[in-house]
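I would like the entire structure built from these sequences, with the hints used as guidance.
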Amino acid sequence: MAPELQNARKTDTVFRTENLNIYYGDFLAVRDITIEIHKNKITAFIGPSGCGKSTVLRCFNRLNDLIQSFHMDGKLFYRDQDLYAAEIDPVEVRRQIGMVFQKPNPFPKSIYDNIAFGPRLLGYKGDMDELVERSLKQAALWDDVKDKLKEMGTDLSGGQQQRLCIARAIAVQPDVILMDEPCSSLDPISTLKVEDLLQELKEKYTILIVTHNMQQASRASDRTAFFNVEANAKGQRTGYIVEYDRTEVIFQSPQEQATQAYVSGRFG
Amino acid sequence: MASSELATAPNMKRSPTSPRTLFSSVMTVVTFACAALALIPLVAVLSYVLINGASSLRLDVFTQLPPAPGLKGGGFGNALVGTLLTVGIASVLSIPFGVMAAIFLAEFYRDTKLAETINFLTNVLSGVPSIVIGAFAYALVVLSTGTFSAVAGGFALAVLMLPTIVRTATEALESVPGDFRQAAIGLGATRFQTTLRIVLPAALPAIITGVILAIARAAGETAPILFTASTSRYWVRSIWEPTATMSRLVFDFATAPYERQQELAWAGSLVLVTLVLATSILSRWIVRKR
Numbered sequence: 001m002a003p004e005l006q007n008a009r010k011t012d013t014v015f016r017t018e019n020l021n022i023y024y025g026d027f028l029a030v031r032d033i034t035i036e037i038h039k040n041k042i043t044a045f046i047g048p049s050g051c052g053k054s055t056v057l058r059c060f061n062r063l064n065d066l067i068q069s070f071h072m073d074g075k076l077f078y079r080d081q082d083l084y085a086a087e088i089d090p091v092e093v094r095r096q097i098g099m100v101f102q103k104p105n106p107f108p109k110s111i112y113d114n115i116a117f118g119p120r121l122l123g124y125k126g127d128m129d130e131l132v133e134r135s136l137k138q139a140a141l142w143d144d145v146k147d148k149l150k151e152m153g154t155d156l157s158g159g160q161q162q163r164l165c166i167a168r169a170i171a172v173q174p175d176v177i178l179m180d181e182p183c184s185s186l187d188p189i190s191t192l193k194v195e196d197l198l199q200e201l202k203e204k205y206t207i208l209i210v211t212h213n214m215q216q217a218s219r220a221s222d223r224t225a226f227f228n229v230e231a232n233a234k235g236q237r238t239g240y241i242v243e244y245d246r247t248e249v250i251f252q253s254p255q256e257q258a259t260q261a262y263v264s265g266r267f268g
Numbered sequence: 001m002a003s004s005e006l007a008t009a010p011n012m013k014r015s016p017t018s019p020r021t022l023f024s025s026v027m028t029v030v031t032f033a034c035a036a037l038a039l040i041p042l043v044a045v046l047s048y049v050l051i052n053g054a055s056s057l058r059l060d061v062f063t064q065l066p067p068a069p070g071l072k073g074g075g076f077g078n079a080l081v082g083t084l085l086t087v088g089i090a091s092v093l094s095i096p097f098g099v100m101a102a103i104f105l106a107e108f109y110r111d112t113k114l115a116e117t118i119n120f121l122t123n124v125l126s127g128v129p130s131i132v133i134g135a136f137a138y139a140l141v142v143l144s145t146g147t148f149s150a151v152a153g154g155f156a157l158a159v160l161m162l163p164t165i166v167r168t169a170t171e172a173l174e175s176v177p178g179d180f181r182q183a184a185i186g187l188g189a190t191r192f193q194t195t196l197r198i199v200l201p202a203a204l205p206a207i208i209t210g211v212i213l214a215i216a217r218a219a220g221e222t223a224p225i226l227f228t229a230s231t232s233r234y235w236v237r238s239i240w241e242p243t244a245t246m247s248r249l250v251f252d253f254a255t256a257p258y259e260r261q262q263e264l265a266w267a268g269s270l271v272l273v274t275l276v277l278a279t280s281i282l283s284r285w286i287v288r289k290r
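Heads up: the protein sequence lines correspond to chains A and B, in order. Position one of the first sequence corresponds to residue 1 (the numbering used here), numbered consecutively onward. Position one of the second sequence corresponds to residue 1 (the numbering used here), numbered consecutively onward.
Among the hints, a few may not be true.
Unchecked claim - The list that follows gives simulated cross-link-like pairs (lysine to aspartate or glutamate, EDC-like), each with its CA atoms no further than 16 Å apart:
{"no.": "1", "chain 1": "A", "residue 1": "109", "chain 2": "A", "residue 2": "151"}
{"no.": "2", "chain 1": "A", "residue 1": "41", "chain 2": "A", "residue 2": "196"}
{"no.": "3", "chain 1": "A", "residue 1": "109", "chain 2": "B", "residue 2": "179"}
{"no.": "4", "chain 1": "A", "residue 1": "103", "chain 2": "B", "residue 2": "179"}
{"no.": "5", "chain 1": "A", "residue 1": "193", "chain 2": "A", "residue 2": "143"}
Stated by the list, open to error - Here are a few chain B residues that face chain A, going by a calculated C-beta distance under 8 Å:
{"no.": "6", "residue": "179"}
{"no.": "7", "residue": "188"}
{"no.": "8", "residue": "198"}
If you are wondering where the hints come from, they were derived from the structure by calculation, not from laboratory data. Virtual Cβ for every residue (Gly too), placed ideally from N, Cα, C.
Dropping the structure here:
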């Protein structure tokens, strides 16, 4: 771990962005994102399809770097460290800031090896069995799988796979976990399990979650950012943040008309 | 018209004599016949080789040297060893290069102009006649080392195998879902760690299949071997001297005027076909096991 990233864990604002504009080639996908993400809170990004909430999420662990046409201006600070500064290695960033994806994507390996993958990359020297067990327990999956750790992770049910992916992300002991619509491919019962899990995880981690599901945002999150999208004259759709506040404010007394319309289900 | 307004059901009975139905039946028969015709050469070749080769196939043909012209007995033990040796050299040369090139094309430079160009050139290479590849190896290796050799033959076969390996390995890597890569990169893996630990293992069965098919094809090739490995009547002592191979032996003996040599050519053909068939079946089995 780079020392500057290590020191960065001490402050209370985890992320702070200043006027992020995100482009794919010439296309402005998201504009003017200025937001603060608080420690040990669950922050939800909600909004209609194509409003750029996943795009913004993926800036926080530099996953957009993989897209060739991506570029960004503005500033993104992770605990006062500029994440896009030239000396920052995105590989190190992703070790601090884990990610859970929309579609459960366990590796085609055993349950055990799925969890051990990240720690092995980092050259983890401790007791791997113990780490695997602890990670699976934190992800509320241990009781389901403790007798079949050698079986393929891909053979689990969808909900179990997603909890396996959460356990895998936890195993590298990140500071932040980004979740990109983690429940969108799960059934309602698995969804509730993951939501319960989030409440336990926020004791230790800061969580950002993109969700399509407004009930989920209102049930599970502490703060909510409402994204909207508008088209310019050429028909290009650019996303922006309409309103960002504590979740109960967003859902019960939003300041903006658009937010009110969206959370009451009148569009989106 | 809504269905409720219909007084009676429309006529939906089969009419085997209507032009549409007749045409369809005739075409079904025609396509079946063509499929059957296409199989005839395969069946004919295999049965011919089997009938002619099996009669002279005895255990000692695998262990003995070719007989002198006009003599009885003997075998093609040295050619079998020579084929395994040249194909082995070709594999050692082409597999690492081919797979690494595929990793470059599929993982590091996918969808770039450079990758497209290399892909195109690889396809061109796979279309180059094998005799030309033989000539190239002759000019490059035989002339510069001053001797026909297993290395020269292996080099020619390696050039022949390379495009097959690159293409099948590239396709195998590209068919690994992007989800796995994202997951690994999201956990802080570098690009090469992602490739080595996640993508490559997932693609391995398909890569092995491609490699085995390339090996099978190379083992049966004659043109690139003719004037690179050349041939020999003796056991292999060094990779730097002329080496007998099965395909060259079949080529030489099938046209020889001596009965025993012709028998050995048939037996050799059968062994070669069996080798190629066995490798193909092996590759299919690996895919199925996946």
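Going through the hints against the structure:
Proposed proximity of residue 109/A and residue 151/A is supported: the alpha carbons are some 8 Å apart, at most 16 Å. Between the alpha carbons of residue 41/A and residue 196/A the distance comes to roughly 14 Å, so the proposed pair stays at or under 16 Å and holds. For the hint pairing residue 109/A with residue 179/B, the CA-to-CA distance comes to about 14 Å; that is within 16 Å, so the pair holds. A distance of roughly 8 Å separates the Cα atoms of residue 103/A and residue 179/B; the hinted pair therefore holds under the 16 Å criterion.
Restraint check for residue 193/A and residue 143/A: satisfied, since their Cα atoms lie roughly 14 Å apart, inside the 16 Å limit. The restraint placing residue 179/B at the interface with chain A holds, with a minimum CB-CB distance near 4 Å, inside the 8 Å limit. Interface hint at residue 188/B: satisfied, since its Cβ lies 3 Å from the closest Cβ of chain A, which is below the 8 Å cut-off. Here the hint on residue 198/B is kept, as its CB sits about 6 Å from the closest CB of chain A, short of 8 Å.
Checked against the numbered hints above, the structure violates none of them.
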